[in-house]
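Chain by chain, the residues run as shown.
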Amino acid sequence: MVEENIPDEQSEEDKTKFLFIMKKSPHGSTYPQEGLEVILIMAAYDQTINVLFTDDGVFCLKKGQDTKGIKVKDFSATFKVLEQYGIEHMYVDRQSLEDRGLKESDLLTGVELVDSEEMREFIREQDVILPF
Amino acid sequence: MVEENIPDEQSEEDKTKFLFIMKKSPHGSTYPQEGLEVILIMAAYDQTINVLFTDDGVFCLKKGQDTKGIKVKDFSATFKVLEQYGIEHMYVDRQSLEDRGLKESDLLTGVELVDSEEMREFIREQDVILPF
Amino acid sequence: MKFGVMILEGPYQHQASDSAYNFVESALKKGHEIAGIFLYTDGVENATSFMTPPQDDRHISKRWAELIQKNGIDTIVCIAAGKRRGITEANIIKGARISGLGQLTELGINADRLITFGD
Amino acid sequence: MKFGVMILEGPYQHQASDSAYNFVESALKKGHEIAGIFLYTDGVENATSFMTPPQDDRHISKRWAELIQKNGIDTIVCIAAGKRRGITEANIIKGARISGLGQLTELGINADRLITFGD
Amino acid sequence: MLFTVNKSPFITGNLKSCLRYVAKCCPILLYEDGVYGAVAGSTVEPMVKEAMKNVTIYALKEDVNARGLNNLIEGIKLVDYDGFVDLVAEHNVCPWI
Amino acid sequence: MLFTVNKSPFITGNLKSCLRYVAKCCPILLYEDGVYGAVAGSTVEPMVKEAMKNVTIYALKEDVNARGLNNLIEGIKLVDYDGFVDLVAEHNVCPWI
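Residue numbers (this note's numbering), protein chains in the order written: chain A, 1 to 132; chain B, 1 to 132; chain C, 1 to 119; chain D, 1 to 119; chain E, 1 to 97; chain F, 1 to 97.
Pulled out of the complex, with its shape left as it was, chain A reads as follows (with noise of 0.2 angstroms):
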């Protein structure tokens, strides 16, 4: 009931739930580049935003990727600096990394694994649904 909410939760409740759905693997196209960009302007605003790396998303953060041979910017550094910017839960796929021959550790920053079945609610639960 609204009566009993505090001033910042009420305030929390207020915020658009933004989930970013990294489904597309780095360099072969430049959905999660600019989707990257959009995380970083949003994070400006004060508002929920989520990120989840599935699917050939998790490549995403792969450590060591070095692009000078296709002469385009390296972009995944940005990735490791996310959780300065304020988004509330990095979540990376454990099947998607497992399928594809990772581990926690080939990642370039620290990150929630989750199963899919965990993120059923939690996909529901959001406003905005952002896929790259």
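Some but not every residue of chain F turned toward chain A, in silico, with C-beta under 7 angstroms:
{"no.": "1", "residue": "Ser8"}
{"no.": "2", "residue": "Phe10"}
{"no.": "3", "residue": "Ile11"}
{"no.": "4", "residue": "Glu32"}
{"no.": "5", "residue": "Asp33"}
{"no.": "6", "residue": "Val39"}
{"no.": "7", "residue": "Ala40"}
{"no.": "8", "residue": "Gly41"}
{"no.": "9", "residue": "Ser42"}
{"no.": "10", "residue": "Thr43"}
{"no.": "11", "residue": "Glu62"}
{"no.": "12", "residue": "Asn65"}
{"no.": "13", "residue": "Ala66"}
{"no.": "14", "residue": "Gly68"}
In case anyone wonders, no lab produced these hints; they're calculated from the structure. Ideal Cβ positions, reconstructed from N, Cα and C, are used throughout, including at glycine.
Chains B, C, D, E and F: place on chain A using the hints.
Okay, now just chains B, C, D, E and F, sitting in the frame of chain A:
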């Protein structure tokens, strides 16, 4: 040996062998439609043209396409008249058809059903392969 | 209800632009409001005024221009994506404007729904 | 050896344009001839002169313009695809020209190899 | 939450991965090449039928017709663009594109 | 005939369908997201290893490095763009894109 070739055969030998591999579904992307445009133009040149429909490309030949609702031109009828354009072979991959629950009678036009194994040597003999 | 729409692919190559158009048209017909259309990545190409498709094909940028002007839909070409792809003030359709990703954020906050069409 | 190249995707969105560029550059370095580059479907967008990407990113249309002019590579924007996507004489890079699918056929006949980059 | 799927399940894993995330009460809308997932007698039919025990699957009629698909899995619900709009009015959207 | 594959085998069926068509003597080049097919310890490794009994599989070094892939299936041959050009000079190309 060159000396033994009769003129007609020699001229056949001089032709470039083009193979169009139609792998993509119609309407989701413009690829098959644009591939068809290339075939129609190329038919005016006196070369050897073959077409292989495989993977989702077999859906290009599905009977009964009605594009009014998505407000785009129906180009599937053009596949029907391809045989009048001097296409050497119109092959359709049998497994792709079966995987998609389709039968030969679902197709717009007469084709040669083939197995991918039979296509291996054929593909090797081509000069230029155009994927759409 | 207020819908926001993001389009991530250009005209003709993928169906995304057609799907978005048909969706927006139906939403308006049913009395919903389109709070904004945000063109991002290749989606910005939908806004080129230089397009001249064959007469027997749909004219994608022209029909967008007509729809957004007639219904007063705020339509935004992402400035960074537009610069990379050559969509500028010199060749943008009437009714669309160039702005930044902050507009997408505001659309996400203010619209009741945000739906993305892409590939 | 004479290579022909077809590009089916635009700049920045997919890697196809970058891959084609890197391939062509290596082929030239190794002494091969590029008999022609045919830009088809979204590939025509590589030829927009209106592009102004951020300074710390590659300038895709500019580097194509430089490469094809320096090496005299016949580079063709498909007229029908260009019309659909707003690439015309008004915004085409130097060194490229607008023509039809017959040019692709001739490239296929005359080049020793034809390689396609797309998605 | 409405999940929207626009890719052919014969070529991409999008529908399969969507099904891992979809909660019991969330509908799925197949549109564009996603409607190929609604075809009866295909290799993906078992996966789709299994999913339909828990979720409602819609297919966009305009895209079904454009592709000439006349033999659909029983229980798939056809909606037109107006129905698509109604689904979005009822649910937030998770585009599984 | 050189087959070129540029899609991730975890998301699309391109590599799998390419393998149905490739003749014993024809090499395959993985490039762009196709190089993910070269990763060791993945669910597609068995398919790739089986194929390598009959065909030579190359992976484009620049794309492997861009993606930070340091643990590749044994026997995959790395080539750089110059090597890619050499392969095309030796073979006609069948782009399985």
